[in-house]
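Colleague: Just so you know, the sequence shown maps onto residues -21 to -1, 1 to 571 in mature numbering (1 follows the signal peptide of the UniProt record, and there is no 0).
Be a bit skeptical, because a hint or two may be false.
[Stated by the list, open to error] Cross-link-like lysine-lysine pairs, in silico, DSS-like; alpha carbons within 27 Å at most:
no. : residue 1 : residue 2
1   : K293      : K385
2   : K126      : K55
3   : K293      : K233
4   : K62       : K311
5   : K341      : K293
6   : K388      : K293
[Unchecked claim] Quick list of the computed label-pair ranges, beta carbon to beta carbon:
no. : residue 1 : residue 2 : range
7   : E187      : P270      : 49 to 57 Å
8   : D118      : G191      : 54 to 62 Å
9   : D326      : T112      : 49 to 57 Å
For the record, the hints were derived by calculation from the structure and aren't laboratory data.
Beta carbons: idealized from backbone N, C-alpha and C, even for Gly.
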Amino acid sequence: MVAVAAAATLVAGPFTPVAQAQDGTVLRVAMVQEIDHLNPFTAIMASSTMVGRINWEFLTLPSAEDATPTGGLAEKWEPSADKLSWTFTLREGMKWSDGKPLTARDAAFTFNRMMTDEKAAEANGSYVANFETVTATDDRTLVIKTKEPQASMTALDVPIVPEHIWSGITDMSDPRTDTVEVAGVGSGPFQITEYRPNEVIKMKANPEYFRGKAKVDEVQFVRYENADAAVNALQNKEVDLINRLTPTQFDVLKNADGVTTNQAAGRRYNDLLINPGAQNASRTPIGDGHPALKDVRVRKAIARSIDPKTIVEKVSGGYGELPGGIMPPLYKDYHWEPSQAERYDFDPAAANAALDEAGYRKGPDGVRAGPDGRPLTLRITGRTSEDFDLRVADYLVGWLDAIGIKGEKQLVSDNEVDVITSAGNYDLAISGYGTNPDPDYILSKQSCGSLPIESGSSSTATFFCDDEYERLYAAQGAEVDPVKRAELVKQAQARFYDQVPSVVLSYDNVLEAYNSEKFAEFTKQPVADGPIMEQTGYWGYYGAVPADGAEGGDSGGVPTGVWIGVGAVALVAVAAGGVAVGKRKRTADDEE
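When you get a sec, could you build the whole thing from the sequences and use the hints?
Modeller: What follows is the structure, encoded as C-alpha cells:
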C-alpha cells in the first residue's frame, strides 16, 4: 500500500469486507483505564479515543497493512498544485447508523465546529489550526483550504460526526455529549448502544458500515480494577482479549492453555513529566509546581539521575527499548536518537556537580534547597492501577535521593492523576503517550497552541512553550518534502530533549493475549507483526474472526467489580490507556 503524495486515490482496506456476524459469538475486552468522555471533541484518554475510533469513521486512516494512509469516508483525495487546497471525494451512498445520509456536509460541519469553538478543538484542534476554510461543494465533495501547506492532510485523526445530531449541541460541556442519544449515532464498524459511567460500554456491529458488517455482533468493554484480575478472567475464559500486560503476566500466559500471546513493537512511550512552570494560553501561571523546576539546570540534573536501562530491564522485564526522542523507533523515518554528547547518561555524580554549580546546596538533612531557601522536595504523581507507575516511583525515590532531592510518592486513581496534571498541580508525574504514524499530533501536544484555555482543561502533554520549538514545529508542518520534513521533526525533538519538560523513560513493547479457543485471529497493524489493540485504527476489532465451532457466550461469570454489559456479542480487552491515533498517557494510553 502506497502513501498518498500528490494526486491520491483510495486504496481499499487491507482485507476483504467481512461476512455477516455469527449469532451468539461473544468477544469481551477488559478495560483497566477509566473513560473521560464519549464526546470525540473532548475525549483525551486513550480508552476514550479507542472507543471513538470504533464508533466514528475518519476521512482517511492508517492502513492495517503498514499504517500508510488508506480511505475511510473518502475514497480519493488530491491536493492543488500549490498544496494549499485539498479535495476529498466521499464514497457514494453512505449512511449514519440511524439510517440518515452521510455527506460531505457532515465533514464540513465537524471541521468548522472545531475551527470556531475552542472547546470543540480541545482534543484534536492542532489538525485544523492551519485551516482557512472548509466547504462541501456537493454531497460527495469536501474542499479544505489551508493557510500554509500542511503535511498531515492525509493523517487527520478527526472523527467525523453527524451534523443532524451535533448541530443541536451548543456547549461541548453539555452532559448530553456523553450519552448514547448523542454519541451513539456513528459511521464506524460498531456503535455505542449502552453507556453507564464506570460500569459498562456496549457497542453493536453497525449494519450500515460501508466495509460490511463485522463478524462479531457486539463489542463489550468490561471494567477491571487492575490487570491481575483481567488476566485471571482470561485464564478462566471469562474474557477474550487483554493488553497492557506486565512482563510477568505475559510470561505466565505464554504457557496457558487456550491462550495465544502477541508481542509487538509499540507506538507508546513512557515518560516523566517535569513541571516547567505550568501556564494557560494567555501565559498566566497556573498550578502549584515547585519553582525550582523552572530552572532547566535542575530538570537536566533530574534527567541524569534516572537509569532507563534499569527501567527497561527490571520494570519492563526486557519488553521495551531504551529511550531517545518522543517518536518511537517503530516510526523509523521520524525517530530521533541523541548523540553521545547530547544524551543524558545515568550519572548521579555529574547531576550532583551540576546542582552544586547551580547553587542548590544540600542542607544538614542531605536535601538541597534553592536560592529562595525552599527544599527540593518533589511530589511523584502516578497511577495506583499501573504496575509500571508503582515500580518506577520506587526507583525514582532512590535516584532522586542520590542527588539530594526528596521524592514523595503521590499515587492515585487514573482520573485523579488527570485532574492533578491538567491543572498543573504536580512536580513530577509518571505519564506517557501513544503516538501516530504522522508526527504532527505528538509534536503539537508539546506546543504553545496546546496550552489550556483555563486551568483543568489542558490538552498539553507537558505545558511546554518554547520559541525555538515553535519555529521547528511550524516548519515541519508546512514541509511537504518527506526527507526535509523528517529532518525538521528530528530537530524539534532535539530541542524538546534539550529543554527537558519531560524525560522519556522507555518505549513499550505491546504485550497482549487472547482466547484462542474462541477466536481464530485478529487483524494486526502492521498485519505482519503488529499489535491487535494499540492501533491507530479499528482493524483489530473489526477483523476479529471467531474460531470454527466457537460457541456464543453470555454475560455470566464476570467477577464482581467489573463493568457488566449484556449483548449478543462482546469484546473485552485490557485497554489501559490511548493514540489519536496518538495522545498523552495522561497517565494511562493514557492519552492519545
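Colleague: Is the straight-line distance between the alpha-carbon of K293 and that of K233 27 Å or less?
Modeller: holds, 19 Å
Colleague: Please verify whether K62 and K311 have alpha carbons no more than 27 Å apart.
Modeller: holds, 25 Å
Colleague: Could you check the hint for me, namely that D326 and T112 are 49 to 57 Å apart, CB to CB?
Modeller: holds, 53 Å
Colleague: Measure nothing beyond the straight line between the CA atoms of K388 and K293; if it is 27 Å or shorter, mark the hint as holding.
Modeller: Holds, at roughly 19 Å.
Colleague: Measuring from beta carbon to beta carbon, are E187 and P270 in 49 to 57 Å?
Modeller: holds, 56 Å
Colleague: Is the hinted pair K126 and K55 satisfied, with a Cα-Cα distance of at most 27 Å?
Modeller: holds, 22 Å
Colleague: For the hint 54 to 62 Å, verify it against the beta carbon of D118 and that of G191.
Modeller: At 22 Å between Cβs, range violated.
Colleague: Between K341 and K293, does the CA-CA distance stay at or below 27 Å?
Modeller: violated, 30 Å
Colleague: Holds or violated: are the alpha carbons of K293 and K385 at most 27 Å from each other?
Modeller: holds, 23 Å
Hint compliance for this structure: hints 5, 8 are not met, and every other hint is.
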